[in-house]
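Peer 1: Could you put the whole structure together from the sequences, leaning on the hints where they help?
Note that the sequence shown covers residues 1 to 101 in my numbering.
Listed next, with one range per pair, are the computed distances between beta-carbon atoms:
1. 32 / 88: 15 to 21 Å
2. 76 / 55: 17 to 23 Å
3. 98 / 51: 33 to 39 Å
4. 50 / 14: 27 to 33 Å
5. 86 / 50: 29 to 35 Å
6. 42 / 15: 28 to 34 Å
7. 15 / 93: 15 to 21 Å
8. 9 / 94: 14 to 20 Å
9. 49 / 9: 27 to 33 Å
10. 40 / 89: 27 to 33 Å
11. 82 / 49: 29 to 35 Å
12. 51 / 97: 25 to 31 Å
In short, the hints are calculated from the structure, not lab data. Nothing here was measured: the structure is a model prediction, and the numbers come from that model. Note that CB positions come from ideal geometry on N, CA and C, so glycine has one too.
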Amino acid sequence: MRHARLPASEEIALEDVFHALSDPFRLEVVRRLATEGEQSCQALEGDRPKSSVSHHFRVLREAGLIRTRNEGVTRMNALRRDDIEQRFPGLLACVVPKPNE
Numbered sequence: 001m002r003h004a005r006l007p008a009s010e011e012i013a014l015e016d017v018f019h020a021l022s023d024p025f026r027l028e029v030v031r032r033l034a035t036e037g038e039q040s041c042q043a044l045e046g047d048r049p050k051s052s053v054s055h056h057f058r059v060l061r062e063a064g065l066i067r068t069r070n071e072g073v074t075r076m077n078a079l080r081r082d083d084i085e086q087r088f089p090g091l092l093a094c095v096v097p098k099p100n101e
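Peer 2: Shown next as C-alpha cells:
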C-alpha cells in the first residue's frame, strides 16, 4: 500500500480543507469520525464502489483532515482533531452538528 503524504499541522491549507469538505460523502466521513471515533474504511464506505471510496479518503488525507493506519489488512481512519483545531480553531464545531441537531 502506498502512503499519501500527510501534511504537518502547520501545512494544512484552508482551501484544501474546504475542498475536501465540499463533497457530501467526505463531509459525512468527517462527521462520523468526529462523533464515533476511529473507523475502518469498510465501516465508512457504505455501498459505494471501492475505487470511489479510495479517492475520497485520499482527498481527506491530503487535506490533512484524517490519518490512516494499517491494522493487519484493515485500514483504520481517525480525524486529526487536535491538528485541525490548532490550525483552524472552531472549524470542526462548524461542520460537526451537536448531538441534538
